[in-house]
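Q: With the sequences and hints as input, model every part of the structure.
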Amino acid sequence: MITLEKRAAKVGIVLEKRQLAKPPTVRVGAALDISGSARDLYQSGIVQETHDRILGIALKFDDNGEVDTWTFTERFNRLPTATPDNYGSYISDYVLHADIDKWGGTKYAPVMSDIISFYFRSPAARPAGEKRGFLSRLFGGASEEAAPIPAAPANGIPAWALFITDGQNPRADREQVRRLLNDSKKFPIYWSLVGVGDPSEFGFLQELADDLPNVGFLHMETLDVPDEQLYEHLITPEFCTWVRGK
1 MITLEKRAAK VGIVLEKRQL AKPPTVRVGA ALDISGSARD LYQSGIVQET HDRILGIALK
61 FDDNGEVDTW TFTERFNRLP TATPDNYGSY ISDYVLHADI DKWGGTKYAP VMSDIISFYF
121 RSPAARPAGE KRGFLSRLFG GASEEAAPIP AAPANGIPAW ALFITDGQNP RADREQVRRL
181 LNDSKKFPIY WSLVGVGDPS EFGFLQELAD DLPNVGFLHM ETLDVPDEQL YEHLITPEFC
241 TWVRGK
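So the sequence shown is residues 1 to 246, counted in full-length UniProt numbering.
A portion of the hints provided could be inaccurate.
Pairs of lysine-lysine, PhoX-like flavour, derived with a Cα cap of 20 Å [to be verified]:
| hint | residue 1 | residue 2 |
| --- | --- | --- |
| 1 | LYS10 | LYS22 |
| 2 | LYS185 | LYS102 |
| 3 | LYS22 | LYS6 |
| 4 | LYS186 | LYS246 |
| 5 | LYS22 | LYS246 |
| 6 | LYS17 | LYS6 |
Here are the simulated distance ranges between beta carbons [what the hints assert, rightly or not]:
| hint | residue 1 | residue 2 | range |
| --- | --- | --- | --- |
| 7 | SER92 | GLY36 | 12 to 22 Å |
| 8 | GLN19 | ALA172 | 14 to 24 Å |
| 9 | ALA172 | ASN86 | 33 to 43 Å |
| 10 | SER200 | HIS97 | 31 to 41 Å |
| 11 | ASP63 | ASN86 | 35 to 45 Å |
Hints in this document: simulated from the structure, not taken from any laboratory.
Note that the coordinates shown come from a computational prediction; the quantities given were computed from them, not determined experimentally.
Each residue gets a CB set at the ideal place from its N, CA and C atoms; glycine is no exception.
A: Structure follows, in structure tokens:
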């Protein structure tokens, strides 16, 4: 917990630099690529460390200090909410030792659609038969198809989706991704698309960031960097400008 508090303090330093010392309340979400090519990142502990650092961000932005978390391959899993209580063990407990989809291929659209629905679709608008409750959050979020975009937001709280991937999605997925992110402009959501590894993998993500005002892209050779460097990368001037307007 001392480490988490120190990380939150480092987030505060970056926010001071960005002239956003007292940011508005923002719900923080993390979507983590768990395709086969990312296996080493999980087994080395780098993903656990990265998720822990995102929790440090949430302490400054989210009113509950929580991180809504997804993993994705071709399918996705919406996982239990990360809190300070499961800091340090979240990836081990809810990902590596859980019965979820992992080590497959890569599709972005299904999980992106679920993120939008999670934040901006009211419970009353859920389709009949949709699984709910704890087991749903742990196992029932998997889907191969993207759900429809909701017609109106369930609340006005902005959301910040940190979408971390180490590889490109197939061409067949890209048209739907572009449509989803373009349609998401009507909601207060900002997408930070983080490409890790070979920069040649991420031309499509850069295109999305260039074209859409609520989408940012950043490339990192590795996530194994000091806390301050990671926070400088993630809390971009563009994101700060966006969130000031919310």
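Q: Could you tell me which of the numbered hints above are not met by this structure, giving the numbers in increasing order?
A: 2, 8 and 11
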